[in-house]
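Quick mapping for you: the protein sequence lines, in order, are chains A and B.
Going by the working numbering, the first sequence opens with residue 1, and the numbers climb by one from there.
Going by the working numbering, the second sequence opens with residue 1, and the numbers climb by one from there.
Worth flagging that the hints you see were computed from the coordinates, not collected in a lab.
Just so you know, even glycine gets a beta-carbon here, dropped at the ideal spot from N, CA and C.
A couple of the hints might just be wrong.
What the hints assert, rightly or not - Quick list of simulated restraints, FRET-style, between CB atoms: (1) B:ILE143 / A:SER241: 45 to 55 Å; (2) B:ALA276 / A:LEU161: 54 to 64 Å; (3) B:ARG230 / A:ARG65: 34 to 44 Å; (4) B:ALA279 / A:PRO328: 37 to 47 Å; (5) B:ALA276 / A:ASP69: 23 to 33 Å; (6) B:ILE143 / A:GLY40: 46 to 56 Å; (7) A:GLY40 / B:SER47: 34 to 44 Å; (8) B:SER47 / A:ASP69: 52 to 62 Å; (9) A:PRO328 / B:VAL22: 48 to 58 Å; (10) A:SER241 / B:LEU100: 53 to 63 Å; (11) A:ASP69 / B:TYR24: 40 to 50 Å; (12) B:TYR24 / A:ASN119: 49 to 59 Å.
What follows is each chain in one-letter form.
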Amino acid sequence: MAHQSSITRRTFALLAGAAGLASKAFAEQVAEFWNYLGAGGELDAVNAVLAVASKQYPNTPIANRVIPDGAVGLRQQLQTALMGGSPPAVSQYNTGYELLDAARSGRLLKINASWDAVNGDKIFSDGVRRIVSIGGDHFAIPLSASIISNCFYNTALFDRLSLKPPANWDEFGDVCAKVKAAGITPLGAHSPAAFVLYQWYGPMITILGVDGFWAFTRGEIPLDGPDIRKSFDLFKSRIASNFSKTWSGGKWSDSVDQMMRGEVAMCIMGDWASGYMETRGWKGGADYDFFAVPGLDKISIFQTDVVVAYKGSQEQTALNFLQVVASPEGQAAFNKHKGALAVSSAAPTDFYNTIGKREFEKMTAGGDYIALPNPYLLIPTGFHLDFATEVERYAATLDDQSFASALGRLEAKRKTLKESGKFISW
Amino acid sequence: MAWLPKWRHNVSYALFLLVPVVLYLGAYIYPLADTIRLSGFSWDGMSPDETWVGWDNYVQILQEPRILHALANNMKWLVYYLVAPTLVGLGLALLLDADLKGSYIFRTIFFVPFTITTVAVAATWRWIYDPNIGLLTETLRAIGLRGWTYNWLGDPTINTYAIMGASLWAWSGFTFLIYFAGLRNLPTDVIEAARIDGASPWLILTRIKLPLLLPSTIVIIGVAGVDSMRVFDIVWAMTQGGPYNSSSVLAIEMYQTSFARFDLGAGAAVAVLLLAVAAVLVMPYIYYLSGRIEDVRE
């Protein structure tokens, strides 16, 4: 029995020692940048900007941590980490409503000093500033911008059918008709719902205009009203009715693959499609090209990933990293590999391919040219999913009656959210 | 050791039980209790404050068509899990119970899919189900059955069943293993006696083997019942519950509500709903079948 007691004491001594070592190891963790940029060029992009950070701030190292499952998976991990009192130093984040929600939680660092140090008011456009700043305070630095308002097309297919990029909806309809007559699907499409919603933006702005765009994000447009109805009529006649029969359930890369195989002529998609095609050996301007979706010839609708910093024990490391992200070197390092656009007007432009150059020039042209943020992220969380889901269902079924009922239900939700002050004046 | 005070024995037992009890309380009881508590609050998961809302989360989720649709899908998964892998596993086990030459190779072939991770199964079957260039579509076209090609994962009327097909391929290995082990442990003298008495193979199967396999069946059905309620990974990996929530299940709605809609209170309410459905539908059935084991033993 004495032997049994000594085993018990020894066992507990070992356990206690292990627990102590674990605590020490936990306390000495390197600062991390949490993100979901794990695919191909995205991973290279993150590593490139981290390399710039380690060069500029060698005393505050920061490591990469890729979280699977996109924004939802990242959110889950962040919430768990915050509940456990060990958030990362910095993380990728969505702008708009999600950023507002995080800022209101009090978990994010206000970065006004860093913003001023990088001259944020000058280097970031008005559209960007509106969605990363809340009530005059700044909470995020934009990392990259992806234009989601372009229509990519297979140039060889266009040449074969003697087609030219359309300039308006009538010409777009003519192009689709000719492609269909040749036995080819005019437009690629794919799930999830957000990607379908992007294809509605052209019709939306054509009918509502830029003022109507902002009114929509503020919850001021009745969803069962005539303007929204008209925009969806245009969406159905020119866009959704030209999708392939088997589009729903597919991924965005499936659409691009189909376009590259010549089974589909065009894809309205973010410029990550351009990066995807380049990694598969296609050249922008030669094998594929793009035109602005009709109604958006002077408008660039963009989606931006931002970096936020968390209150905690690694704030200085976080602020140093944000400075790097905003710097011309950081913006160039990241976007060169990602195939997206730098958000800072101070970033160099020599790394863009043909496609990127044209997109960047349009986005930063000023004057009549406007850059608008993705409205999907500007409307209340949850409502944005409901709205996009019904648009996806409509695009798949083309059932006007069901969609009218759905819009009625969504309108009731919109009113409730508007009355309770959930919509934001961006 | 008999000379030691009794309390020294009890202290040793308590010390060794301490770790598993703490783990059980911390990893099971506490999260369960906290989830039930959280379901009465509104919380976005980020802010330090939670707002008491009482039953509002339950009223909200039970009025949402997507939640009710997900519940209906879970019922489909329940029927699937109870019937399909059970029958397929039993059939495979009976086939290989004959000890034919080379049957051990097939034992491995049937079991291997169960060892593959769900994400790999999902990725493989997404490719098989691709409506344009997938293996299934190309095979059907090649044998002249073009009319039988569908948008397997994109058609809301069939996508859940398509996912079940992928699950069946992976899950049948488990049920096959359980039934095969059960068959190998059946008393041979009873079966021999029946054969000598002139019982047909069908009679031996239905009157002797299947009743004696009831413990194996209970294991399988118990696991199946639980798995049907918590099915998530294969659906998420194949369709993410889409398109337009058509293949969603309650576990996915719980996940989406909590981390995509930033409503952890409502997400917790979905979790409690899932628990209640499992408790009402699955557990009584398990207890009933467990009671039948005694009848079989007698």
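- Message: The hint says 54 to 64 Å between B:ALA276 and A:LEU161; measuring C-beta to C-beta, is that right?
- Response: For B:ALA276 and A:LEU161 the Cβ distance comes to about 59 Å; the hint holds.
- Look at the Cβ atoms of B:ARG230 and A:ARG65 and judge whether their distance stays inside 34 to 44 Å. Given range 34 to 44 Å: violated, Cβ gap about 27 Å.
- Query: When you take the CB atoms of B:ILE143 and A:SER241, is the distance between them in 45 to 55 Å?
  - Reply: Since B:ILE143 and A:SER241 have Cβ atoms about 32 Å apart, the given range 45 to 55 Å is violated.
- Query: Could one say that the CB atoms of A:PRO328 and B:VAL22 fall in the range 48 to 58 Å?
  - Reply: Distance hint for A:PRO328, B:VAL22 holds at roughly 53 Å.
- Message: Can you tell me whether the CB distance of A:ASP69 to B:TYR24 sits inside 40 to 50 Å?
- Response: Violated - the Cβ-Cβ distance for A:ASP69 and B:TYR24, about 28 Å, lies outside 40 to 50 Å.
- Item | Outcome for the supplied range 46 to 56 Å, where the beta carbon pair is B:ILE143 and A:GLY40 | 37 Å, violated
- Query: Taking the beta carbons of A:GLY40 and B:SER47, is their distance inside 34 to 44 Å?
  - Reply: 36 Å, holds
- Task: Confirm or reject the claim that B:SER47 and A:ASP69 have a C-beta distance inside 52 to 62 Å.
- Result: 23 Å, violated
- For B:ALA276 and A:ASP69, compare the CB-CB distance with the range 23 to 33 Å and indicate the outcome. Because 27 Å falls inside the window, the suggested range holds.
- Range agreement (Cβ of B:LEU100 with Cβ of A:SER241, hint 53 to 63 Å): At 57 Å between Cβs, range holds.
- Item | Range hint compliance [Cβ, B:TYR24 to A:ASN119, 49 to 59 Å] | Hint holds: Cβ distance 56 Å, inside 49 to 59 Å.
- Note whether the CB distance of B:ALA279 and A:PRO328 lies within 37 to 47 Å or breaks it. 59 Å, violated
In this structure, the hints that do not hold are numbers 1, 3, 4, 6, 8, 11, in rising order.
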